[in-house]
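> Using the sequences plus the hints, can you model the full thing?
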Amino acid sequence: MNRIVLIYFMLLAQVNMFMYAQGNTQATTNVFRKNQDGYACFRIPAIIQSKTGTLLAFAEARKNSCSDTGDIDLVLKRSEDGGKTWSKMITVWDDGDNVCGNPTPVIDQTTGRIILVSCWNLGEDHEKEIIAQTSKNSRRIFILYSENDGETWSAPKEITSTVKRSEWTWYATGPCHGIQLQNKRYKERLVIPANHIVAGTKLYHSHIIYSDDKGETWNLGGVVREHGGNESSVVELGNGDLMLNMRNYNREENKTRSIAVSSDGGKTWSEMKYLPELIEPVCQGSTLNYNKSGKNSNKLLFSNPASTDKREKMTIRLSEDNGKTWPCSHLVYPGPSAYSDLVNLPEGNIGLLYEYGVQNPYEKIGFIIISSEQLIK
449 MNRIVLIYFM LLAQVNMFMY AQGNTQATTN VFRKNQDGYA CFRIPAIIQS KTGTLLAFAE
509 ARKNSCSDTG DIDLVLKRSE DGGKTWSKMI TVWDDGDNVC GNPTPVIDQT TGRIILVSCW
569 NLGEDHEKEI IAQTSKNSRR IFILYSENDG ETWSAPKEIT STVKRSEWTW YATGPCHGIQ
629 LQNKRYKERL VIPANHIVAG TKLYHSHIIY SDDKGETWNL GGVVREHGGN ESSVVELGNG
689 DLMLNMRNYN REENKTRSIA VSSDGGKTWS EMKYLPELIE PVCQGSTLNY NKSGKNSNKL
749 LFSNPASTDK REKMTIRLSE DNGKTWPCSH LVYPGPSAYS DLVNLPEGNI GLLYEYGVQN
809 PYEKIGFIII SSEQLIK
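My numbering numbers the first residue of the sequence shown as 449 and each following residue consecutively.
Treat the hints with care, since some could be wrong.
Claimed, not checked - Subject to a maximum C-alpha distance of 30 Å in a straight line, what follows is the list of computed DSSO-like cross-link-like pairs (lysine-lysine):
1. Lys632 <-> Lys747
2. Lys536 <-> Lys499
3. Lys772 <-> Lys740
4. Lys584 <-> Lys650
5. Lys635 <-> Lys772
6. Lys511 <-> Lys650
7. Lys632 <-> Lys772
8. Lys584 <-> Lys511
9. Lys761 <-> Lys721
10. Lys584 <-> Lys605
11. Lys576 <-> Lys650
12. Lys721 <-> Lys747
13. Lys482 <-> Lys758
Note that these hints are calculated values from the structure, not bench results.
What follows is the structure, encoded as structure tokens:
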């Protein structure tokens, strides 16, 4: 009898989570789903809105399993109606049995060019082998371009030599969107968040890379001195400073997100500190300047699974003081959920592309629209 009761409550919880996802004011639209289009799993969402208003949802398409290694391709779907419907899947980069991953897109607003920065490694090499330098190859960094709103893409171009130091082993871009700066001193600079490990250590450090020529060439920016931050999101504050919001591996020290600030366009970073309101279970998160008018403000948005122990409770938080405090929050989905990315939409609405499911967070990647009233309530 106890087993029957347990099964009943498990089924009830699954139904409740499904109903929440479908009835949360704006229903979540599934963009990618496991076991579709010839892939076992889709992970690592990133989203941007093109200059013409098209939404581009990127993901890693994992051929045989949800594993971080093996045959992984970069794919996207496009929406020309604000996220209501999505196109057929477009393959951006397929390199056979190898890993093409960590999609980090950014748009040059002057030309409309879409640039995708990403990482590559042999499909047979695992992260721990790359860190230990026992792998056959290493992590390498590439860029791809689209001049037609994401419909077709250039061949990948390697930029490893200009953005990765020789003593670095593991390397990852984003994953999430990059930004183009509005500050007069560094206006139109493209900035991509990234992280790495120094050879002989197992310590992660966050850093950025940047381009001042519309993505043609790329440079290594500043490194956060303190270790522990890896997957990160970068945002331009209302005063023109940059903030890195980082996933935190220093669990004994803190179970919240960490940040660092730059006042020189990302060339140097302040001392890292923790944000007590932004709890996390060691997971990626996304940060966005909430710029309703297209100009940066003091309002920031942040999304992640708001739990200290499990990847669950996908939540968006709002700060109105450049990220010092986060008094407003909106629970998007209470069940299993993990990686996400935010995008500004017309009329002050926000789009969220996020991993979620009923039994685990990696069943689907969905898109939901959140109104400004939901954020501030």
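> Are the hints correct? Go through all of them and say.
For each hint, the structure was consulted:
Of the pairs offered as hints, the one joining lysine 632 and lysine 747 holds, with about 19 Å between alpha carbons and a cut-off of 30 Å not exceeded. Proximity of lysine 536 to lysine 499 is assessed by CA-CA distance (about 21 Å); at most 30 Å being required, the pair is judged to hold. The straight-line distance between the Cα atoms of lysine 772 and lysine 740 is roughly 20 Å, inside the 30 Å bound, and the hint therefore holds. With a C-alpha separation of about 19 Å, the suggested pairing of lysine 584 with lysine 650 holds against the 30 Å cut-off.
The straight-line distance between the Cα atoms of lysine 635 and lysine 772 is roughly 24 Å, inside the 30 Å bound, and the hint therefore holds. Taken as a hint, the lysine 511 and lysine 650 pair is honoured in the structure, with Cα atoms around 29 Å apart against an allowance of 30 Å. Proposed proximity of lysine 632 and lysine 772 is supported: the alpha carbons are some 24 Å apart, at most 30 Å. Proximity of lysine 584 to lysine 511 is assessed by CA-CA distance (about 21 Å); at most 30 Å being required, the pair is judged to hold.
A threshold of 30 Å between alpha carbons decides the hint, and for lysine 761 with lysine 721 the separation of about 24 Å falls inside it, so the pair holds. Only pairs whose Cα atoms come within 30 Å are accepted, and lysine 584 paired with lysine 605 is accepted, the gap being roughly 21 Å. At most 30 Å may separate the alpha-carbon atoms for a hinted pair to count; lysine 576 and lysine 650 meet this at roughly 9 Å. Restraint check for lysine 721 and lysine 747: satisfied, since their Cα atoms lie roughly 20 Å apart, inside the 30 Å limit.
Taking the CA atoms of lysine 482 and lysine 758, the gap is about 21 Å. The hint holds against a cut of 30 Å.
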